[in-house]
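Participant: Chains as they are written, first to last, in the working numbering: chain Y, 1 to 172; chain Z, 1 to 504; chain A, 1 to 709.
It is worth saying that the hints were derived from the structure and are not from the lab. Note that the Cβ used here is the ideal one computed from N, Cα and C, for glycine as well. Hints are not guaranteed to be accurate.
Unchecked claim - Capping the alpha-carbon separation at 27 Å, the derived lysine-lysine pairs in BS3-like fashion look like this: (1) Y:K169 <-> Z:K156; (2) A:K26 <-> A:K56; (3) Z:K372 <-> Z:K156; (4) A:K198 <-> Z:K388; (5) Z:K388 <-> A:K26; (6) A:K413 <-> A:K198; (7) A:K492 <-> A:K413; (8) A:K411 <-> A:K492; (9) A:K56 <-> Z:K388; (10) A:K455 <-> Z:K388; (11) A:K532 <-> A:K522; (12) A:K522 <-> A:K455; (13) Z:K388 <-> Z:K372; (14) Z:K372 <-> Y:K169; (15) A:K26 <-> A:K199.
Claimed, not checked - Between beta-carbon pairs, the in silico distance windows are: (16) Z:G373 <-> Y:V99: 48 to 56 Å; (17) A:D237 <-> Z:N41: 50 to 58 Å; (18) Z:K372 <-> Y:E52: 53 to 61 Å.
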Amino acid sequence: MLIDTVLFYIFAAMVLSGAIFTITRRSAVHSAISLICSLLGVAGLFLLQRAEFLFAVQIVLYVGGIMVLFLFVIMLVNLDLAAKARQFNRAWAVGIAAVAVVGAEMAWFLYRGRAAFHIAENGGAGLGSAAAGNTEMIADSLFSEYLLPFEIASVLLLVAVVGSVVMAKKRI
Amino acid sequence: MPVDLMPASADLIRLLPEIVLTLMGTLLMVLAAILRKRSSNAYGNLSIAALLAALGAAVYAYTRQGPAFGNMLVVDGLATFFRALVIVVGILTVLASYRFLRRQGAETGEYHALLLFSIAGQCLMAAANDLIVVFIGLEISSLASYVMVGYLRDDKRANEAALKYFLLGSFATAFFLYGVALVYGITGTINLSGVRAALTAPESCLQAGAGSVLCVQNWLAPWPIFLGVAAALLFVGLGFKVSAAPFQIWAPDVYQGAPSPVTAFLSTGPKAAAFAVFLRIFMSAFEPGGAAWEPLVWFSALASMTIGNFAALRQSNVKRMLAYSSIAHAGYVLVALTARSADGAAAVMFYLGAYAFMNIGAFAVVGHLAGKGERYQDIEDFGGLGQKQPLTAAMLTIFLLSLIGVPLTGGFFGKFYIFKAALESHLVWLTVLGLLNSAVAAYYYLRVLVMMYFREPSQAAIEAEPLRPGLRAALLVSAVATLFLGIFPNWVLDFSNKSAAMMK
Amino acid sequence: MNFLDQIWLIPLFPLLGAALMLFFGKLLDPQPVGQASGPAHHGQAEGLPHQTSLRKLIDFICPGMVLLSFVFSLGAIYQLRQLPGRVYQVIQFTWIAGLPFHMANGHLATFQADWGFLLDPLSSVMILVVTGVGFLIHVYSTGYMAHDNGYYRFFGYLNLFVFFMLMLVLANNYMLLFVGWEGVGLCSYLLIGFYFHKKSACDAGKKAFVVNRVGDAGFVLGMLLMMSVLGTVKFTDVNAILRSGQFPAETAGFGVLSAIAILMFFGATGKSAQVPLYVWLPDAMEGPTPVSALIHAATMVTAGVYMVARSAALFQLTPSASAVVAVVGAFTAILAATIALVQNDIKRVLAYSTVSQLGYMFLALGVGAYWVAIFHLFTHAFFKALLFLGSGSVIHAVGGEQDMRRMGALKNKIPITHWTMFAGSVAIAGIPGLAGFFSKDEILWQAYSSPLGSKALWFVGLATAGLTAFYMWRLMNLTFYGRSRVAPETEKHVHESPASMTVPLTLLAIGSVLAGWLGTPKLWNLGASFHKFETWLAPMFATGAAEPAGEAGHSASLEWMLMGLSVAVAIVGISIARYFYHNRPDIPDSLEKSFKPLHTLLYNKWYVDEIYDFLFVNGLGKGGGRVFGAFDRTVVDGGVNGAGWLTRFSSKVSIWWDTWIVDGAVRLTSFSVKLLSYPACLLETGRVQTYAFFVVAGLLAFFGYYIAR
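I would like the entire structure built from these sequences, with the hints used as guidance.
Facilitator: Right, here's the structure in full:
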């Protein structure tokens, strides 16, 4: 159990520090790499929850696919100028304060309402019956209970593709 | 576990409008690639055909009411009303777009395809009975509309508007997702019927599709306010879409920058769909915990009305003024939601119906007058329109009178039912403040009327081209519908009353 | 022919006329290209052409439509007399049906409103006034507006107005009444702003519309509350419920019925120009004179009186609300009368006079004498329309001049106008034998003797009667008698108006003389036909035992004495005016000098507009500078004439009692614009980061609420 706890904090630190570096680094490459770090942390957290499938998807899709593409783009496009540009929005303090207050409030709510959460029992019950393993269970629920969301998500992706093409095309 | 991948035919029928729209949207893009033909009305005609087919599908689906896909969707009066509404909004938008796109030299299949996708997303929202479907529908609708806002890429204002809308929209949606997570944490389900069951009964079970039975306990008991927190997070995402205060801040910039037909669409279609979701979540699923979220909606209603109306007083740009006015109108609808009664839900539906017609009409006229590159958007530019184009001016008069809420127009009855519902729920202060607000609102709409009839023709009115058939049809349909709803409100009202009563 | 079955035709005719004019009028009356339409100054305007033969068609269509309505109204009323109960209700079609809702007491009720018409003695009086006086004014307009552009537009609006007004008075429920109520407001707005090139006219139109909407908010609230308490808005049902004894009279306190009554009355103060919402009516005189006569004297402004009379059953149960009505009415009557004393614009004198006479009507309503209020409405329609039309004829004669200081000695130059206006002035002053005397005297007697009345109300009414006589004869003397002060170059052009204008004047003058004989005092014992008005309306108000008891409590000699007193007051008022402005024209000037502060106060209309400016426009928005400037000026002025303190003092007092008076949203708006829209617009920085911050801030506010709770 102790190992789990320690690992949890390590991954959580990865997620948070990665995210902070993503938005504070000037160099786009550094930002992208920090983001990869953060995403890897999330993958680790999935693994800790014994969600092997999500762990794999996270690594293959985000880290392996999307982020590598990002890096290609960043390196192809010259972003040096942007890196040197002055930040025109200087309201850092306000932003940080707002985030801190929202975070604190959320924490307080979760603390205050913790009795209302019973996910562990429910989730545990689900896992207990899953002799077949997590991946198969996800497949089952995706293709039966969540068939509709699963299918229409493809429409969402189609719209995203069309949208980005329209925005990027030379001549409409 | 044996998995049957083939959905039942009833399920498919209940999803038919979305299927039709998606297929036709895809077809449009394929055709656009094959035809390679620009400046043609074919795309517009085709998308009108698609929308009419979808309208038929929605009505057909209504004859086979019930849940579909394991309670992910539900086709009932509410869903059908809003599906039909957004589809009609789509038809009017296409009609108003013909000439506009040609004038800007931007007629492509993609515009219409995106419009169809967006409407498909909104239909999905209207019928969704599960927060994940709500979310996907919301995203389909939003992604398409982000692109439509920035569709005229040479227009800097449109670019800025699209970027702002995209960034802030994604931001707000993130809060919505967090709310969904909290709902799951509280109730153990994100199915809206399941949520309602969890919040009412101490312990209850329901059929959760594919043979599995979902049993939930009323876990809210330890701290009922927690539901309010979840509601607040969901409210951020939905309130953003309907431009309700305090999440209205994007609306003026985006409405002003977007091409006028898109603004017309934006201020009615996604708004109506988001209010459909509002009704489903707040009036049905969260209804048992009403005391927790009512103050939020109360506050938001008042703030939207006040900010919208008072800021609109100062605007000289008509699109911006109408943007603020649409914030105010979102406030009126929220008043009806605050009432937390079947009457209130019916009032929401009726109002959105009336509002869709009058607002699309008003924006269509604005787009018509603005000319190439949308140069003329100022209130001064409406000077003398009454002399130069009496028909256009008369239509705009009808829309504006309806927005004011003068009797014999749909806007009057909309307001009337809303405030009646509010008063019956003993929201006396909200009613009084709302009525005062609507009195103030008369002033800025009136300014446009004064301009049109009591001033010498402006450059814009002189240059304005005659009404083309498409736009004329859009305006006539909107005006007739606005008057129809004001003189014979019964048809729509009966339907919305019936649907509202069945909702729970 | 059964006129009652064809009752729907009565409003339809003017609607038809309006539609014809607004859609096809331009064909009949082609506008000269490039020439701005505006107030053509009569007298000098003969040179302007475009009197086409097609235009003559308009002269026939529009007044003709109203005449048809009048004929149908007469027929319907004739047949109504033979009906038992004299009530005829017909429902054309259902408007809103079967809306189930929960009433305040928890019962489930079904709400319904129809397009239905209700013809009963009350509405019959109203349709006669609307169509009868309306027809005469239409005829007059064909002469008066002959030289104006937008002739067809004018008549289109005028016919549309008659349509909405008829809907208002013929409606069988409050919802449909409200349609007419808003409709006449819209037409009034369009007609006030008819000379849209004059900025003042546009502003006046807007002011009227917005002030009226503030009142409407009250009316709608009252209607909603009525719906939730009584479950219906149909007049007959409302009356039946209220008279069934289901709701006890709220004699002791202030209950829900009183709230409904007060809200509705607030709506009436907007439409009928009572304190605090009267400020729009004087400004409305920017419209063409026939409009002032028809809308702002004879018909629309009486809609509030009609509505309160229609709700008599409600007000009979709510003495405290009735008391408010009476006090507001009396206060408005005397306030407006004092302002009218010193105005120099002939139309403004008449406008304030209208406000004052409407105050009389509300006074009568407030003391429970509903038929008397309608009676005064009826007689007032004749003589006030006459006076307005007469003033229009005078203005026409002197080439657009409205300032009475530049008139005088017109008696022989425009004799018909003079004699008809003479009749109207005698009537309004309250000289026995003419219309105004009978109705006004009855109001005073009711204010004195009714159980709801009081000596104070009577005295205010009496004082107002004296003031009325004075300012009317001041007007007559300044305009028609004495020395001519007309500008020499216009002097040559002074001419009597055409027959299309003088014939309506003559007919109205006959009406002003005779109309009162339908309601002579009971004291005179002239027989049943001379009490027609009261007996005709009696079933409407079912006053029950209240009034006879009040009558019995006072002796006949007392009534004779009060009557004599009011006549005496009227004669004194007339004589003083005659003496001041005819025999010794120097007296008013010297009076003005010696009572400078008072005169200034009255001339500036008790500074009500300035106070509104001070409170709502300059007030907080423009900061202290302007205020201190105004303060300085008053102090300096005060130092100069040594009496400034009075002005200052009175305006200070006025600020106190006016703090709660809202001069409609015109001023409220500009005030609120400054206060509220700045922050609302400051948020719009255009920066997406700031916007995102506001989203978070909104969420923070929501969360904060849950933490605080």
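Participant: Would you mind marking each hint as holding or not holding in the structure?
Facilitator: So, going through the hints one by one against the coordinates:
1. Y:K169 <-> Z:K156: 16 Å, holds
2. A:K26 <-> A:K56: The hint holds at about 13 Å.
3. Z:K372 <-> Z:K156: 15 Å, holds
4. A:K198 <-> Z:K388: 21 Å, holds
5. Z:K388 <-> A:K26: Since the Cα atoms of Z:K388 and A:K26 sit roughly 13 Å apart, the hinted pair holds (cutoff 27 Å).
6. A:K413 <-> A:K198: With Cα atoms ~30 Å apart, A:K413 and A:K198 exceed 27 Å; violated.
7. A:K492 <-> A:K413: 11 Å, holds
8. A:K411 <-> A:K492: 15 Å, holds
9. A:K56 <-> Z:K388: 26 Å, holds
10. A:K455 <-> Z:K388: With a Cα-Cα distance of about 61 Å, the restraint between A:K455 and Z:K388 is violated, given a limit of 27 Å.
11. A:K532 <-> A:K522: 11 Å, holds
12. A:K522 <-> A:K455: 21 Å, holds
13. Z:K388 <-> Z:K372: 18 Å, holds
14. Z:K372 <-> Y:K169: Holds, at roughly 23 Å.
15. A:K26 <-> A:K199: 25 Å, holds
16. Z:G373 <-> Y:V99: 48 to 56 Å: At 41 Å between Cβs, range violated.
17. A:D237 <-> Z:N41: 50 to 58 Å: For A:D237 and Z:N41 the Cβ distance comes to about 55 Å; the hint holds.
18. Z:K372 <-> Y:E52: 53 to 61 Å: Cβ of Z:K372 to Cβ of Y:E52: about 59 Å, so the range 53 to 61 Å holds.
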